[in-house]
Amino acid sequence: MEAVAEKNSFQVNNKGYYGTFGGAFIPEMLYPNVEELRENYLQIIAEPAFQKEYNDLLRDYVGRPTPLYRANRLSEKYQTNIFLKREDLCHTGAHKINNTIGQILLAKRLGKQRVVAETGAGQHGVATATVCALMNIECIVYMGELDIERQAPNVARMKMLGAEVRSATCGSKTLKDATNEAMRHWINNPVDTHYIIGSVVGPHPYPDMVARFQSIISEEMRWQLKEQTGSETPDYVVACVGGGSNAAGAFYHFLDDENVKLVAVEAAGQGVNTGHSAATTALGKPGVLHGSRTILMQTEDGQVTEPYSISAGLDYPGIGPQHAYLYDSGRGTFLSATDEEAVQAAFELTRLEGIIPALESSHALAVLGRLGASLNDTVVVNLSGRGDKDMATYMKYID
Amino acid sequence: MNRIVNLFQNKTEQDKEGLLNVYFTAGFPQLDDTLKVLKALQEGGADLVEIGMPYSDPVADGETIQKSNDQALENGMTVRILFDQLKDMRQTITVPVLLMGYVNPVLQFGIENFCKKCAEVGIDGLILPDMPMDVYQNEYKPIFDAYGILNIFLVTPQTSEKRIRQIDEISEGFIYTVSSASVTGSSTGVSDDMETYFNRLNAMNLKNPRLIGFGIKDNDTFLKASRYAAGAIIGSAFIRVLQNSNDLENDIKTFVSEVKGKPLEVALA
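So the sequence lines, in the order shown, correspond to chains A and B.
Here the first sequence is numbered in the working numbering, starting from 41 and rising by one per residue.
Here the second sequence is numbered in the working numbering, starting from 40 and rising by one per residue.
In short, the hints are calculated from the structure, not lab data.
Note that this is a predicted model, so its numbers are computed, not measured.
It cannot be assumed that every hint is accurate.
Quick partial rundown of chain B residues pointing at chain A, CB under 8 Å, derived from the structure [as the list claims (entries may be wrong)]:
| id | residue |
| --- | --- |
| 1 | 94 |
| 2 | 102 |
| 3 | 106 |
| 4 | 112 |
| 5 | 117 |
| 6 | 169 |
| 7 | 195 |
| 8 | 220 |
| 9 | 221 |
From the three backbone atoms N, C-alpha and C, an ideal C-beta is built for every residue, glycine too.
Model the full structure from these sequences, guided by the hints.
Okay, structure coming up:
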């Protein structure tokens, strides 16, 4: 009985919390929107027709299951058994689309005619614009003014897909401000609009809903590991964390397997103590950001600070509330990798395995030598995205 | 008795004129303008004042108030500096004063510490739009009560009747009635189709009086809103006055007296 009681203890409780983290810290203007979602999401997701449509699209449109690939030369280098979960092979080039497919189907069932989203590097914006094109739903993507300048190719992709890209011009003009603008848009259009958040952040039920849509990653890992190693559970699951959606999906079905070490890798930027970092658990404190109680980087006065990372997808001042709980409870191990270490890891994977990873995923690869994994251990790295979008950065490091 | 409660009680006995609550951002346009603006508002005839604590991520606010928040933060405004600026305000300020802001800076200051400072300087109430009702009830209400600080809740056209009744039950002072589905600074004014919503609220016989906010910008909108509630709240329109002013004291008094429909000489007499 005890095992039953403990099961799902790292999942959200019926009040929307993970331990003391989570909840819905939102202005009254957002309350009806969030309430509508909270009252309906579990039921809609559980419907057989929804499940069928979602799974069919994941298979035929996204290209799932994504391979679990044993990286032999990388394994040899680190003297352990390394498997890569190839989310980089998903349509649009990253795991983000697992969530946007789920949310667009949900939005349709809620009768919404328009979708709004925020984006930093543009990956979630592209994944949202893609599913909106597919479903013929109007799409508005908010993006920080600075990010629009820095991520021109993804802005072009979103526009070609028919989305309207709007500039967030207040505050620091990056991801957190784009998130604020998307929330404001939702406040102003409460009835006909659905807000597709791109990570496991925001007010309950978003962190749980996004984690569920990303949980397909660890669901596949289990049977793929069973096939390839004879055991469903690895010794380590390693994933990068910005807001934390790929990590939430990669950890999901291992949360209650205490023997599986869950390793979250944050972006240290130029170094944790340089003032140019996005290592939230190392630098942050508990507080409220974008509708949930979590750990965030902030000043002594409680103002949210602007993080820094070479990787735009990890450039977020908070982490999802479930990750805050995994950190606080000790269930998760939180490491960080600097810009330099991530770039080195990207080149290492490219030269050893012929796979160019996204800068975000390279942070997860960068800690392989620090895990303490032995010859008999199994390590799964969630390769969350491909590196095409980062070529301009990588080119600077090619002699 | 709390100054807010007192104001509304006297109001219903005395007259039918609407009460005017004016919002401004602390430390704006200049860091040291806070007390100057507060005094001019009182002298101009504001019945209550709401001082905004600037925040880096004000999701419920439109562009005008966002920009004033950015400017105030750039000026160096903090919660500590604000309490310092307000420490002697009750030597001159007699109107009820509320602090409006987002919950994170208050949490970092410490809820108890924050309420204690509020009581010390003479703050009467708080408006924290992103503080959930259940968290307030379960965790913070005893602290607010101990220091005599009222927590003001918001209702919107989308708020259900059941929830409005819950809010009314745990509220004291007044209920902040958001006029339309929008962030602050919308240009809708008081449209005819809001009438149904305001009348619905009136018909509920709530124990708390209401002030209508969002979209109030001049005498016309103020009078219209006052027909349906105890008064109204002006924010963004006043921030624009501060932005464009070369003579704060004079411009503030003129604006407030115009909104209330009383020529300045009469208001000051």
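Hints and how they fare:
1. Look at residue 94 of chain B: its Cβ gets to within about 7 Å of chain A, closer than 8 Å, so that hint holds up.
2. Below 8 Å, beta-carbon pairs count as interface contacts, and residue 102 of chain B has one with chain A at about 7 Å; its hint therefore holds.
3. Given the 8 Å rule on beta carbons, the hint for residue 106 of chain B holds: about 7 Å separates it from the nearest Cβ of chain A.
4. Contact between residue 112 of chain B and chain A, as hinted, is supported at the beta carbon level, the nearest pair being about 6 Å apart and thus within 8 Å.
5. A cut of 8 Å between beta carbons decides the hint on residue 117 of chain B: the least distance to chain A is about 4 Å, and the hint holds.
6. Interface restraint check for residue 169 of chain B: the shortest CB-CB distance to chain A comes to about 5 Å, inside 8 Å, so the restraint holds.
7. With a least beta-carbon distance of about 5 Å to chain A, the hint placing residue 195 of chain B at the interface is held under the 8 Å criterion.
8. For residue 220 of chain B, the suggested interface contact is upheld, since its CB lies about 5 Å from the closest CB of chain A, less than 8 Å.
9. Annotation: interface hint on residue 221 of chain B holds; nearest CB of chain A at approximately 5 Å, less than 8 Å.
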